[in-house]
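> Sequence:
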Amino acid sequence: MKRALLLSVTALLMAQAAFATTVAEVRKRGALVLGTDPTFAPFEFKGSDGQIQGLDIDIARAVARELGVKLDIRAVGFGALMPQSVTSGRVDLAVSAITITPERARIVGFSQPYYRSAQVFIVRAGNPGGFAWPAGSVRGKTIGVQANTTGQFVANDLLKSKGVTIKVYDDFAAGLADVRAGRVAALIGDAPTVADLKGRLPGQFEQAGQALVAEDYGLVFQKGSDLAAAVNKTLARLRASGEYQQLLNKWIVQK
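Under my numbering, the residues of the sequence shown are numbered 13 to 267, in order.
Hints listed in this document are in silico derivations from the structure and should not be mistaken for laboratory results. Any given hint could turn out to be false.
Derived lysine to aspartate or glutamate pairs resembling DMTMM-like cross-links, with alpha carbons at most 25 Å apart [to be verified]:
no.	residue 1	residue 2
1	K172	E218
2	K58	D228
3	K82	D238
4	K245	D228
5	K235	E115
6	K210	D238
7	K262	D84
8	K174	D190
9	K262	D190
10	K262	D238
11	K153	D183
12	K82	E115
13	K210	D84
14	K172	D228
15	K245	E255
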């Protein structure tokens, strides 16, 4: 039975590779279809004009520009984005602060890493519950995570055995609302998100304790797609030209 399952998975991955989106198809269509969950400021979020923007979006625009096509942005919830929207071909490219993991890399293709981040605990400003990590006791606490993110994976691996209750959210904003209301002790999120929250919502949130784990982000496409070479070429050019640092200064570096 295990052998049959393995063969089925192998066949699925081979089929994905055989029909992976190609650069030629993207150029013929005239558009690079991008999937993203616009709830992860400063990487991707909706601005006051309703348009999706952020570091990841600017990187995707650079990829589309070098392919000579427009960027067609589709807002997709993270649970559907990874990996279904990519493996099904509904999007050509996905970018949404997506962590590179061995498990995901067996299903989808990743670019070279473009950002080193970390998973941290987000609490109410002033940390009224005295939440701490790793020194403090987390037993009996309820911790929020977003579904299908590495924050959920880390929580399951590191916290369940310590007597923590894990509350899963489809939407990151809903988790923040529960932190603000005191319904959960903390929410696991990306370190740059904390800095962004402090800027946009001063006096509401802060990081508590040390980071749980460091991680690298990558752009995602179907396995076997020649978009891999195109994306990596763009990332290399952005770094060499200094444009990548300019994007970091624009979206990440705190003034």
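> Checking one constraint from the list: CA of K153 to CA of D183, max 25 Å. Satisfied?
20 Å, holds
> Between K210 and D238, does the CA-CA distance stay at or below 25 Å?
Answer violated: K210 to D238 is near 39 Å, above 25 Å.
> Sort out whether D238 lies within 25 Å of K262, counting only the CA atoms.
30 Å, violated
> Within 25 Å, alpha carbon to alpha carbon, are K58 and D228?
23 Å, holds
> Holds or violated: K172 with D228, Cα cutoff 25 Å?
24 Å, holds
> Would the pair K82 and D238 pass a check requiring their Cα atoms to be no farther apart than 25 Å?
Measuring from Cα to Cα gives roughly 18 Å; hence the hint holds.
> Within a Cα-Cα threshold of 25 Å, do K172 and E218 meet the stated pairing?
The given pair, whose Cα atoms are some 23 Å apart, holds under the 25 Å limit.
> Need the status of pair K174, D190: alpha-carbon distance at most 25 Å?
22 Å, holds
> For the pair supplied as a hint, K245 and E255, confirm whether the alpha-carbon distance does not exceed 25 Å.
14 Å, holds
> Taking 25 Å as the top limit, are the C-alpha atoms of K82 and E115 close enough?
Violated, at about 31 Å.
> So if I understand the rule, the pair passes when the alpha-carbon distance is 25 Å or less; does K235 with E115 pass?
The given pair, whose Cα atoms are some 13 Å apart, holds under the 25 Å limit.
> Within 25 Å, alpha carbon to alpha carbon, are K262 and D190?
Violated: K262 and D190 sit about 30 Å apart, past 25 Å.
Consistency with the previously given hints fails for numbers 6, 9, 10, 12 and 13, ordered from lowest to highest.
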